[in-house]
Each structure stands twice: as structure tokens, then as C-alpha cells.
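Here is how the chains run, residue by residue.
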Amino acid sequence: MNFLLPVLKKDMLHLRLMLICWAVLLCIQSFMGIGGAKIAIDNLQLQVILPQLTIFIRFLQGLMVIVIVPLLVQSDPLVGTTAFWFTRPIGRKPLLITKVCFAAGTFVLLALLAELFVFTANGFPLKYILLAIPEILIEKTSFIIPFFLLAVITPKFSRYAIVGVSILAVYIAVIILWLLLAALIPEVTKIKMSSSTIDNLKDYYTLNLSIRVIRNIFIILFGSGIIVYQSLSRKTLRTVLGIAAGFLVLIALGRLWKVDFIKTPPADIPDKDHSRDRHIYHRR
Amino acid sequence: MEYVITTEQLTKRFGKQVAINNLTLNIPTGCIFAFLGPNGAGKTTTIKALMNILSPNAGTSTVFGVDSRKLSPTEFAQIGYVSENQELPLWMKTGYFLNYCKSFYPTWDDGFCQQLLKQFDIPLDKKLKSLSRGMRMKAALVSSLAYRPKLLVLDEPFSGLDPLVREEFVSGILEVTETENWTIFISSHDVDEVERLADRVGIIDKGALMVNENIEELQCRFRWVEVTLGEAPAGAVSFPAEWLAAEQKGRAVRFVDTQYQEDAGQQRIRSLLPACTDIAAQGMSLREIFVVLAKQFKQSNS
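So the sequences go chain by chain: S and L. Here the first sequence is numbered in our numbering, starting from 32 and rising by one per residue. Here the second sequence is numbered in our numbering, starting from 4 and rising by one per residue.
Extracted from the complex, chain S is given alone in its bound form (with noise of 0.2 Å):
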């Protein structure tokens, strides 16, 4: 029998309400992009709010996208052992693949169909719009996989949400303790602050980039390697390992990273004698 038909309505039929709200915002977006530059040419009070409106808008469809998706997720739950669907004949693959559909779908295709239909509206030409396909896709793919990950883990929204402040509460902290070390032993950030002066800003920031790519794409790849291994096996420990594993190897990427294929274009390559300089001052 097909299941993904009936679990896929369950879902829609389950957060029909979170999900009208999701696409208005995104209608609100899209209208934005399209028409406020406009409407906002000859009012400075609009220029001024409408930025800070579209900010505003983008965080409540994220804070809706980090609601939606573990309720989703968690209808189905791939921990404990007391969820309804354990002891049905619902396949844990076609599951995996109702849930993937529905978050990819909306989250994933439809954001990206608004954001296409905004630079079409606003003239772009369709070389840059299909240039911009691929970013646009691992952006949001990658925003949904972390929220994804913590709802195969975690059996229900309270725990979800308890778990994810505690990670975040961690982070924090870990930040802090970073700082304090670096205000209390200098050494530490020296070299650190010295690759960032504004002579190398360029460069640094496009490696940041190419940073960013790779790890957007690890989260991607690994995240969804996860994912499929948590629904086909209900592992819990073993999923909550590689988590962790994924995690310190993220953090890895980052300072180890150092392939900048985000090119600087040839014209702003700065000159030899300004590169030599740049040696000496970090000898220095």
C-alpha cells in the first residue's frame, strides 16, 4: 500500500494552521522584495522601517520553520518506545521520505519558487537568477537540517525545545570562556587578529565564505546521513555520537579550512610589493 499519501495529508491536515502562517509570511516577504524599494523611494520613515520589517519577518519565519519542523517530525516520533506509528504497518523508509517531502517541499522548494518569482519581478537577469539556485538551495537546506537532526533525537516539542537551549546555552558559554581566555592570555588571538587587518580584509572574507559553503554542504551531507541512519534504525546513542562527531568536525572545517575557491577577481589581487608587505607584517 502507499503510505505516503495518508501520512503526508495526517501532517498537512495536523499544522495546516502553522503552515497558513508560514506562507503568509512568506507572501509578505516575497511583496516586500518586489514593491517596497518602490514604495519606500520617496519616504524616508519607510526606508528606514522596512529593512528592519524585513529582518523582523525573515526571524519569525525562521522561529516558524524551527516550531514547524519538529512538530512534524515528532507526529511521528523515532524515539521512545510508546508512539502510535511503532506498532502500524507504516514503513520506516517511506516515513523518512513522507517527513523529507513535506519539509523539503515547503521549506526548501517553496521558499526558493518565492525568492526566484522576487528577482524575476525585480528584473534580474536569468543568468545571475540561476547562479543563484544553488546558494539559495544550501542556504535553506542547511538552515532546516540542524532542527531536522534535533527532532529524530528527541521524542517530543518540550524536550526538543530543552535540548536545543541547552546546546545553545553551551555555545554561549563556550564563547565566553573563549573571550575571557583571549582578554586574560593576548598570545592566544594574535595571530588571529593579524590575518584580519583591513589589508587582507578581502581575502579573508572571501575565505570566510568558502568556509561557509563547505560547511553549509558538510552539514547537508552529513546531517542527512544521520537523519536517514536515526529513522531506518532508531539508534538513539549511536545517532547522538555521530551527532557530536559531526559537530567537532564542523568546528574543524572551519579553522582548518584553507582552499579559498570563492576567487577574488584578478583586478582586486593586490600587488606584489603590498603582498610582501603583508609577510613582513606578520613576521612581525
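If you're looking for bench data, these hints aren't it; they were derived computationally from the structure. Treat the hints with care, since some could be wrong.
[What the hints assert, rightly or not] Cut-off 30 Å, straight-line C-alpha distance, at most; resulting in silico cross-link-like pairs (DSSO-like, lysine-lysine):
1. 124(S) <-> 96(L)
2. 124(S) <-> 132(L)
3. 153(L) <-> 96(L)
4. 187(S) <-> 130(L)
5. 40(S) <-> 105(L)
6. 73(L) <-> 187(S)
7. 298(L) <-> 19(L)
8. 40(S) <-> 266(S)
Starting from the known structure of chain S, fit chain L onto it as the hints suggest.
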């Protein structure tokens, strides 16, 4: 004999705690098997291992001849499972819930479903979360019966139900299973209700199966025996191991004989207690047998 459920040396541990201890069990087709045991004996864990909700640490278990760890939608389409712990999608209305379940079962029988709904008097237009616990259990039962499963697994289905709902629940199951050759595996504390349903009983303690036999046979060999002695014995009387809950008060000795046989039993008692003048043996309900055994397990464990 064809078995629907088999377990062989099944073991499940949670850390150092052994929840199922080398459990070997065979349940034949068409049997209504009552799985009894005190709290924490391992009943629910066994069921969860059988249903592939938990993975055992050792041993094997099969359902319909398929390894429990490899149960697929094909097998689950023939299994009905109702548990007090199962989380139903409470946001659904009963009608939608049944329709949703229907989409997974090729053998779903609409007529039978309507009949069950009428029998259990379940409102279709109310959300599951607004129903009472009893009603919710009945809705879960309907969703697990309407496709005529070959195996029905009930894990503590009576807990929290009032006597009237229990009665409806039991008679409902009895009614629908009378005509079908279903196998039912029922775990419960409510021994009285189980006694009405089951034809075979397994009693588990600390994860180990202590008793596994037909209820009739069990009730035949268990007897409350009251022996009157001609004169009070000088010292304490020693009792054989198969006499449980034995006590002596003056000239009266009371015990539960676990190996009682109509004529041979009386002869044996006379040989062990030569001073006896009168023997009165009384049959026991499953509940009484269970209580005596549970006390014995507790005593042995302590």
C-alpha cells in the same frame, strides 16, 4: 503445532538490571494467552521486544515466524496492538483517526468497524483528547480490530478503566474472537478479567517465566488444602516445597498444594501428615493462584 509467537532464551537488560531473563515461550495459533506478573516483572518489556519496539540483548523471538527485529509492515498488517502506554494522535477526531488507520490495512472491514463502533458506543465527531480514558482505549481497540488481525496484543488494556467499561471491553473481545481463530496475547494485572478471556497463562517474575500452562490444568493442580490433625504435633511440621503459603495453627494445617491430584493428592497428604483426620481441598481462582505465587516469588527474592 503452529506457533504465532516464539521466544528462545530472550534476554533484555537495561544497564545492570535484567528485565527479561532467558525467556523461552511458545504461543500456538488460536490461543488466548494471559501474561501475568507483578509490577516490574518484565511483561511490557517482553511485549515491546516482540513488537520490535525494543531490541533484545540476547536470544531470539519470532512473530508469525519472522524475527521480531525484522518485522515489516506486512506482519504489522496482521497484528493488532493496544497498550495503556501507547500515544494516540490526540488531535484527531475519532472518525478521522479510524479513517487514517484504515489507509494502512488492505484487510480493513468497514462493516465490522461500524459494528464495533456501535457495540462500544464511540462518538466519531469528538477529538481523541476530549474522550475519557476508557473511550480512548475502546477507540484504540476498534482501530486494532477492524482489519481482523491474526494476532491481538493487549498490554494492560484494563488499567484505569471503570468496571462497566471493563465489562464492555472484555465482552467485546470475547464476542469478536468467538467466531475468529485469533491469537490473543494479553498482559494485565487484572487477573479476574483475564481469567474470563484466557485459556493459557504465563506468569513471569524478574524477567523469568515461572508458569506456562493451560488455565484449566493450572486450576486443577492448585488447591487450597485444609488438614485437621488428630492431635497437635509436638514440634513444627515440615512442609514439602510444592506446598505454598503453609501455616499451622494448633490442629489445623492450611496450605496451597501446587501438585494436587484428586485421589493421589489425598494419599500423599496422609503419608506426609499421618495424624490427619480430615482433608478439605478447595479449588482456586486464577487470582488466588497468582497472589500465592507472587507472594512466593517475593519471599524467594528477598
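Evaluated hints:
1. Between residue 124(S) and residue 96(L), the direct Cα distance comes to roughly 27 Å. Compliance with the 30 Å bound is thereby established for this hinted pair.
2. Distance restraint check for residue 124(S) and residue 132(L): the Cα-Cα separation of roughly 29 Å lies within the 30 Å cut-off, and the hinted pair is therefore satisfied.
3. Of the pairs offered as hints, the one joining residue 153(L) and residue 96(L) holds, with about 27 Å between alpha carbons and a cut-off of 30 Å not exceeded.
4. With a C-alpha separation of about 20 Å, the suggested pairing of residue 187(S) with residue 130(L) holds against the 30 Å cut-off.
5. Taken as a hint, the residue 40(S) and residue 105(L) pair is honoured in the structure, with Cα atoms around 14 Å apart against an allowance of 30 Å.
6. Of the pairs offered as hints, the one joining residue 73(L) and residue 187(S) holds, with about 26 Å between alpha carbons and a cut-off of 30 Å not exceeded.
7. Distance hint between residue 298(L) and residue 19(L) is fulfilled; the C-alpha atoms sit about 25 Å from each other, no more than 30 Å.
8. With a C-alpha separation of about 28 Å, the suggested pairing of residue 40(S) with residue 266(S) holds against the 30 Å cut-off.
In the structure shown, no violation is registered for any of the earlier numbered hints.
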